[in-house]
Amino acid sequence: MTPPKKKIQKISMNTLLEVNKIVKQYGDYVALNEVSLSVPKGSIYGLLGPNGAGKTSLIRIINQITMPDSGQVILDGEKLQPKHVQYIGYLPEERGLYQSMKVGEQCLYLAQMKGLSKAEAKKQLDYWFDRLEIQGWWNKKIQELSKGMAQKIQFVVCVLHKPKLLIFDEPFSGFDPVNANIIKDEILALKEQGSTIIFSTHRMESVEELCDHIALIHKSNKLIEGKLEDVKRQHKTNSFEVGILTDNVEGLMYDLTQKFTISPAHFKSLNQELKLEIQLGNAVPNELLNILTQRGQVTHFVEKIPTVNDIFIQTVTK
Amino acid sequence: MSIISLIIKREFFAKVRNKSFIVMTFLSPLLFVGIAVFVGYLSSMKADVKRVAIHDETGLFASEFIAQNSEDNAYKYLDLSQIDSQYLKDSITNNGYEGVLLIPKTTDVHDLESKIEFISNSSPSISFIENAQDIIARKLTKINLENAHLDTLAIKKAQANVNIYIAKTSGEEGLKGLNEAKIAIGGAFGYLIMMFIIIYGNMVMRSVIEEKTNRIVEIIISSVKPFQLMIGKIIGTSLAGILQFTIWVIIGLSLMLAASVFFGVNVGPAASMSPALVEHTQTEFAGTAQLFIKELWNLPIASILIGFIVYFIGGYFLYSSFYAAIGAAVDNQTDSQQFLLPVIMPLMLSVYVGFFSVVNDPNSTIAVAFSMFPLTSPIVMLMRIPFGVPLWQIAISITLLFGTFLLVVWFAAKIYRVGILMYGKKPSWKELYKWLKY
Numbered sequence: 001m002t003p004p005k006k007k008i009q010k011i012s013m014n015t016l017l018e019v020n021k022i023v024k025q026y027g028d029y030v031a032l033n034e035v036s037l038s039v040p041k042g043s044i045y046g047l048l049g050p051n052g053a054g055k056t057s058l059i060r061i062i063n064q065i066t067m068p069d070s071g072q073v074i075l076d077g078e079k080l081q082p083k084h085v086q087y088i089g090y091l092p093e094e095r096g097l098y099q100s101m102k103v104g105e106q107c108l109y110l111a112q113m114k115g116l117s118k119a120e121a122k123k124q125l126d127y128w129f130d131r132l133e134i135q136g137w138w139n140k141k142i143q144e145l146s147k148g149m150a151q152k153i154q155f156v157v158c159v160l161h162k163p164k165l166l167i168f169d170e171p172f173s174g175f176d177p178v179n180a181n182i183i184k185d186e187i188l189a190l191k192e193q194g195s196t197i198i199f200s201t202h203r204m205e206s207v208e209e210l211c212d213h214i215a216l217i218h219k220s221n222k223l224i225e226g227k228l229e230d231v232k233r234q235h236k237t238n239s240f241e242v243g244i245l246t247d248n249v250e251g252l253m254y255d256l257t258q259k260f261t262i263s264p265a266h267f268k269s270l271n272q273e274l275k276l277e278i279q280l281g282n283a284v285p286n287e288l289l290n291i292l293t294q295r296g297q298v299t300h301f302v303e304k305i306p307t308v309n310d311i312f313i314q315t316v317t318k
Numbered sequence: 001m002s003i004i005s006l007i008i009k010r011e012f013f014a015k016v017r018n019k020s021f022i023v024m025t026f027l028s029p030l031l032f033v034g035i036a037v038f039v040g041y042l043s044s045m046k047a048d049v050k051r052v053a054i055h056d057e058t059g060l061f062a063s064e065f066i067a068q069n070s071e072d073n074a075y076k077y078l079d080l081s082q083i084d085s086q087y088l089k090d091s092i093t094n095n096g097y098e099g100v101l102l103i104p105k106t107t108d109v110h111d112l113e114s115k116i117e118f119i120s121n122s123s124p125s126i127s128f129i130e131n132a133q134d135i136i137a138r139k140l141t142k143i144n145l146e147n148a149h150l151d152t153l154a155i156k157k158a159q160a161n162v163n164i165y166i167a168k169t170s171g172e173e174g175l176k177g178l179n180e181a182k183i184a185i186g187g188a189f190g191y192l193i194m195m196f197i198i199i200y201g202n203m204v205m206r207s208v209i210e211e212k213t214n215r216i217v218e219i220i221i222s223s224v225k226p227f228q229l230m231i232g233k234i235i236g237t238s239l240a241g242i243l244q245f246t247i248w249v250i251i252g253l254s255l256m257l258a259a260s261v262f263f264g265v266n267v268g269p270a271a272s273m274s275p276a277l278v279e280h281t282q283t284e285f286a287g288t289a290q291l292f293i294k295e296l297w298n299l300p301i302a303s304i305l306i307g308f309i310v311y312f313i314g315g316y317f318l319y320s321s322f323y324a325a326i327g328a329a330v331d332n333q334t335d336s337q338q339f340l341l342p343v344i345m346p347l348m349l350s351v352y353v354g355f356f357s358v359v360n361d362p363n364s365t366i367a368v369a370f371s372m373f374p375l376t377s378p379i380v381m382l383m384r385i386p387f388g389v390p391l392w393q394i395a396i397s398i399t400l401l402f403g404t405f406l407l408v409v410w411f412a413a414k415i416y417r418v419g420i421l422m423y424g425k426k427p428s429w430k431e432l433y434k435w436l437k438y
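Which chain is which? The protein sequence lines are F and G, in order. So for the first sequence, our numbering puts the first residue at 1; every next one is plus one. So for the second sequence, our numbering puts the first residue at 1; every next one is plus one.
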């Protein structure tokens with residue numbers, strides 16, 4: 001019995017959440033097929049995947065709303081158990097609060113359900129209401145607030161008990177750009193304070209901006225997982241975007257096609273240069289540069305790094 | 001435990017602060033007392049005296065009817081045997097008669113039994129006709145007896161009237177009327193439980209649906225277990241219900257008192273008794289009243305009251321948990337209608353069983369069985385308690401009641417979790433076992 005325990009402790013050194021071969025079936029439909037993830041401490045972990053991939057099923061299992069058919073979840077070195085709800089803050093995709101309950105009362109209630117004392121909850125609420133400049137809402141009922149305002153309250157409820165692990169399911173939907181930015185800054189601030197954040201979304205630009213780790217789930221299986229840079233490195237094709245001013249286009253093209261695959265490129269620039277995308281294959285960038293500098297004036301030379309969006313679409317459609 | 005008390009508090013205040021709850025709390029007793037005062041006022045009004053013309057060609061019965069005339073009788077009989085019967089019939093409307101009673105002359109008195117007519121514009125009340133038939137039958141019987149040369153007095157004397165004296169083995173004197181009092185007490189308490197369940201059971205159901213309509217389910221279920229949520233909701237809503245019910249009783253009683261003082265209207269059951277009857281009961285009551293009250297005090301009052309409280313709570317909790325299960329299974333209130341009948345049925349059943357079999361024999365097999373069965377025990381057992389029930393039966397019954405309550409809540413919690421999140425997955429036995437552990 002001792003060896004597996006040791007293993008768990010070893011994992012927990014820098015991993016907050018370990019999802020181990022989770023299987024979840026709904027009737028004949030397999031929602032999660034032996035999915036394993038490990039979420040490092042202090043990371044913002046992007047959980048990506050098209051609609052119906054199984055993200056929400058996984059999130060519900062982590063929140064102990066449903067049980068996996070097999071597999072286990074380990075949080076901070078311990079097998080997931082009821083007391084862990086205190087350590088998790090969850091912002092579900094389906095937003096909602098008690099409509100006829102007052103904001104302050106409701107926040108106090110939900111915070112106490114997560115194990116805070118009333119005094120502590122009050123203190124935290126004052127802090128967050130000040131921070132988000134919503135002090136005046138305390139005695140308003142939720143039904144008197146706009147959708148965006150209610151979402152702000154929901155965000156506060158989610159982070160109030162200073163959870164180790166925060167799970168945001170589409171946190172920016174329903175916010176205007178200004179408020180989305182405020183929430184984004186808050187998420188980054190929470191990370192600075194040491195929270196680990198799982199972030200499920202379809203908005204790839206926010207993944208690009210926020211996440212340092214990602215996992216891609218597609219059709220119930222995990223396809224990709226890792227540090228964002230590593231994933232990108234794995235998916236880069238060693239191709240470069242090049243802009244060059246030259247009199248001898250034919251000569252240049254001849255030289256290039258000898259060694260590389262070329263296709264036209266599209267990027268914005270101030271000059272009327274020749275724009276090319278060049279696939280290097282096994283060659284190193286300097287070989288390309290040598291040819292280019294011999295033939296003309298280089299105005300643009302950038303390695304093409306795939307965006308998360310590219311990786312997402314590439315992986316899902318493959 | 002602290003989480004459950006947190007939920008109880010929230011549910012209680014959510015209900016109590018609700019505007020419609022506050023309005024109904026104070027409006028309902030006003031309505032109720034208003035109706036009672038109105039009915040009391042109506043029944044204390046003197047009805048118009050209805051005049052009935054008697055055309056008696058035999059001359060035997062008119063005097064019997066006239067003898068009935070008095071201040072309190074709603075009918076006034078007029079002997080119009082001298083006036084032509086055809087004319088009387090035609091003039092019913094003109095003279096404002098309620099109707100005409102035609103008693104023709106026959107050669108044989110036996111023919112009279114089927115020859116008498118009552119002619120009126122509207123159909124007469126059943127009690128009026130029965131009364132008239134009674135008067136005529138009595139007179140005819142007397143005539144028949146005389147014709148047969150039988151001594152009516154001797155016959156009257158020969159009729160026996162038996163009254164069995166009831167006593168207990170403990171040597172105390174007993175009263176027959178007391179059994180009715182016991183039934184009344186048990187019945188009233190049982191009825192109260194039923195009313196309470198019907199009024200407030202729905203509230204629990206609505207409260208369980210609340211999280212779904214507000215879309216807060218996921219947040220709540222990621223913080224507490226559905227079982228805690230269900231228990232908290234049932235207890236919180238019950239407390240709100242009990243508070244409202246208590247306010248109703250207090251306001252209702254004081255308004256009733258105020259109404260009877262200010263309007264001088266009899267609102268209680270005495271309003272429907274005629275003064276003569278009241279006088280009659282009073283004289284009869286005076287003799288036995290002392291014994292009656294003494295015997296009432298000898299009833300197991302403590303066990304009746306404790307029994308009432310325990311079964312009230314248990315019964316309400318059990319039925320609430322059914323309502324909670326319905327709430328857990330449906331997404332909105334309109335879907336719940338079809339499930340309500342099966343919940344009300346056992347309630348009705350227990351009231352019927354109570355009034356038919358407990359009244360007949362409090363210790364019959366049926367009565368005992370139904371006072372054990374948790375769905376009927378709150379009402380049936382309460383009706384049995386005044387008659388004395390062995391302690392072991394009460395113990396079993398209460399254990400079953402609360403055990404079933406917890407079981408149903410547990411079941412409701414499962415339905416709740418599955419209902420929200422399983423999306424039509426058919427549970428297998430293996431999974432049922434897993435939920436059990438969850």
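Among the clues, some could well be false.
[What the hints assert, rightly or not] Below, a list of computed lysine-lysine pairs in the DSSO-like style, where the Cα atoms sit at most 27 angstroms apart:
1. G:139 to G:156
2. G:212 to F:140
3. G:225 to F:162
4. G:414 to F:79
5. F:147 to G:157
6. F:83 to G:139
7. G:89 to G:115
8. F:184 to F:122
9. F:122 to F:140
10. G:212 to F:102
11. G:225 to F:164
12. G:142 to G:157
13. G:9 to F:79
14. F:141 to F:123
15. F:79 to F:123
16. F:140 to G:19
17. G:89 to F:162
18. F:232 to F:268
19. F:147 to F:122
20. F:147 to F:162
21. F:83 to G:142
22. G:19 to F:141
23. G:89 to F:122
24. F:236 to F:219
25. F:83 to F:123
26. F:227 to F:275
[Claimed, not checked] Covered stretches of chain F, as calculated for chain G (at least 3 residues, CB under 8 angstroms):
27. 63-73
28. 83-93
29. 105-117
[To be verified] Here chain F is said to cover these stretches of chain G; the calculated rule only asks that three of the stretch's residues, wherever they fall, bring their Cβ under 8 angstroms from a Cβ of chain F:
30. 9-20
31. 138-146
Hints in this document: simulated from the structure, not taken from any laboratory. Note that beta-carbon positions come from the ideal geometry of N, C-alpha and C, so glycine has one too.
CA of residue 122 of chain F to CA of residue 140 of chain F, is that 27 angstroms or under? 16 angstroms, holds
Is the straight-line distance between the alpha-carbon of residue 225 of chain G and that of residue 162 of chain F 27 angstroms or less? 21 angstroms, holds
Holds or violated: residue 414 of chain G to residue 79 of chain F, with C-alpha atoms at most 27 angstroms apart: Cα-Cα ~23 angstroms, so holds.
Next pair to validate is residue 232 of chain F with residue 268 of chain F; report whether the Cα-Cα distance is within 27 angstroms. Holds. Residue 232 of chain F to residue 268 of chain F sits at ~23 angstroms (cutoff 27 angstroms).
Taking only the CA atoms, is the gap from residue 147 of chain F to residue 162 of chain F under or equal to 27 angstroms? 24 angstroms, holds
Holds or violated: residue 212 of chain G and residue 102 of chain F, Cα atoms, limit 27 angstroms. Satisfied, since the Cα-Cα distance of roughly 18 angstroms is no more than 27 angstroms.
Hint consistency between residue 139 of chain G and residue 156 of chain G [alpha-carbon to alpha-carbon, up to 27 angstroms]: Holds, at about 15 angstroms.
Mind checking the alpha carbons of residue 79 of chain F and residue 123 of chain F for me, to see if they're no more than 27 angstroms apart? 31 angstroms, violated
Does the structure keep residue 236 of chain F and residue 219 of chain F at a Cα separation of 27 angstroms or less? OK: residue 236 of chain F and residue 219 of chain F at ~24 angstroms, within 27 angstroms.
Taking only the CA atoms, is the gap from residue 184 of chain F to residue 122 of chain F under or equal to 27 angstroms? 24 angstroms, holds
Is the hinted pair residue 83 of chain F and residue 142 of chain G satisfied, with a Cα-Cα distance of at most 27 angstroms? Not satisfied, since the Cα-Cα distance of roughly 91 angstroms exceeds 27 angstroms.
Satisfaction of hint between residue 162 of chain F and residue 89 of chain G, Cα-Cα up to 27 angstroms: 96 angstroms, violated
Of the numbered hints listed earlier, those contradicted by the structure are 5, 6, 13, 15, 17, 21, 23, 26 and 31.
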